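*Asks:* Going down the list, the sequences are from chains X and Y. According to my numbering, the stretch in the first sequence is residues 1 to 115, in order. According to my numbering, the stretch in the second sequence is residues 1 to 228, in order.
A portion of the hints provided could be inaccurate.
[As the list claims (entries may be wrong)] Output of the computed footprint for chain X on chain Y, the stretches with three or more beta carbons under 8 angstroms from beta carbons of chain X:
id, stretch
1, 4-13
2, 118-131
3, 156-167
4, 189-201
Just so you know, the hints here were simulated from the structure itself, not pulled from any lab data. Everything numeric in this text was worked out from a predicted model, so none of it was measured. Even for Gly, the Cβ is constructed at its ideal location relative to N, Cα and C.
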Amino acid sequence: MHELGLARGIVDLANASASEALASRVTIVNVQVGRLAGVEAGALLFCFDIAAEGTRVEGARLVIEDVSVAVWCIPCDALRELPGIQRFRCPVCDTPSGDIRRGKELEVTSIEVES
Amino acid sequence: MTSTRIVEVRAGILKKNDELARVLRQRFEEAGVYAINLVSSPGTGKTALLETTMRELIAGGARVAALVGDLETDNDAQRLTRSGADVKQINTHGRCHLEAEMLNEFLDAWDLSQLDYLFIENVGNLVCPSSYDLGEATRVVLLSVTEGEDKPLKYPTIFNSADVALITKMDLAIPCDFDAAAAHAAIQSVRPGMRVIELSSKTGVGMTEWLDALAEGRRRTPAARPAA
């Protein structure tokens, strides 16, 4: 359970960006979480409210964009989206691929603020 | 009247750890020390493996040290000191993983350029350590035969983040009805092409292959650069 630490990281980033943008309050925090980021969305949402207390982010809504994993398939010469994270094989031709091109994201993309 | 607007942020949530890990990696490379991060669930045999490994490396003339993460005790560090290696304990006080920041103060106590191998034994946990880069050159994940062959499918993220997998406690494979083929298939499913070594710290089975893999990693580490 490391989501509280991550939630604090999110709040710090959002708080700093809001401060820089001279905004008094953050209403929405948009984050991208890749399926290989090792994050449990429910736990992150729960921790976010606690981490936001007493900051400009207090009361904001955390919007989590779930990013699926995509690998590069050499025989297909194409980017292939995987349905899960347990089977790193091209869903079209079944060739194994560990060439991960997407799915490890863990970032704050934007915030909505009130000024 | 209040107005709302969107502010672009585009910043990694683990940016601070990633940056510190980058600094650590550079520090390890400049010192010419090969850093290995060991991750697994509790009870997989990380400490037993390290004890045997470090004893063998030291017998071969290598200079070895270990940083050991643990929630509360220093039992593991005490055990590992018996191998003759220089060992330091990091107590995380309830935190479920090591972070790059926790390593710094301990590393400052050593002259890294006088080391060949630095082992970092992470807190026993198959979830959280996967997200935290410690600047290691190689991440090794352990799976013991007592755990079940499908563990990699249950915890794909950490297996996917590792470079080498060790199947430990092979001396118990038969009593546990361990299906090695199923375990290998599960590992290859979540991390195609990953090197897998079966071993037992108790009987020594597979230890030569593991020590060879370490020596290979050590050879790939650049030699220490003289201080400017």
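*Asks:* Now tell me if each hint is right for this structure.
*Replies:* Evaluated hints:
no.	hint	verdict
1	4-13	holds (count 10)
2	118-131	holds (count 4)
3	156-167	holds (count 5)
4	189-201	holds (count 6)
Hint compliance for this structure: every hint is met.
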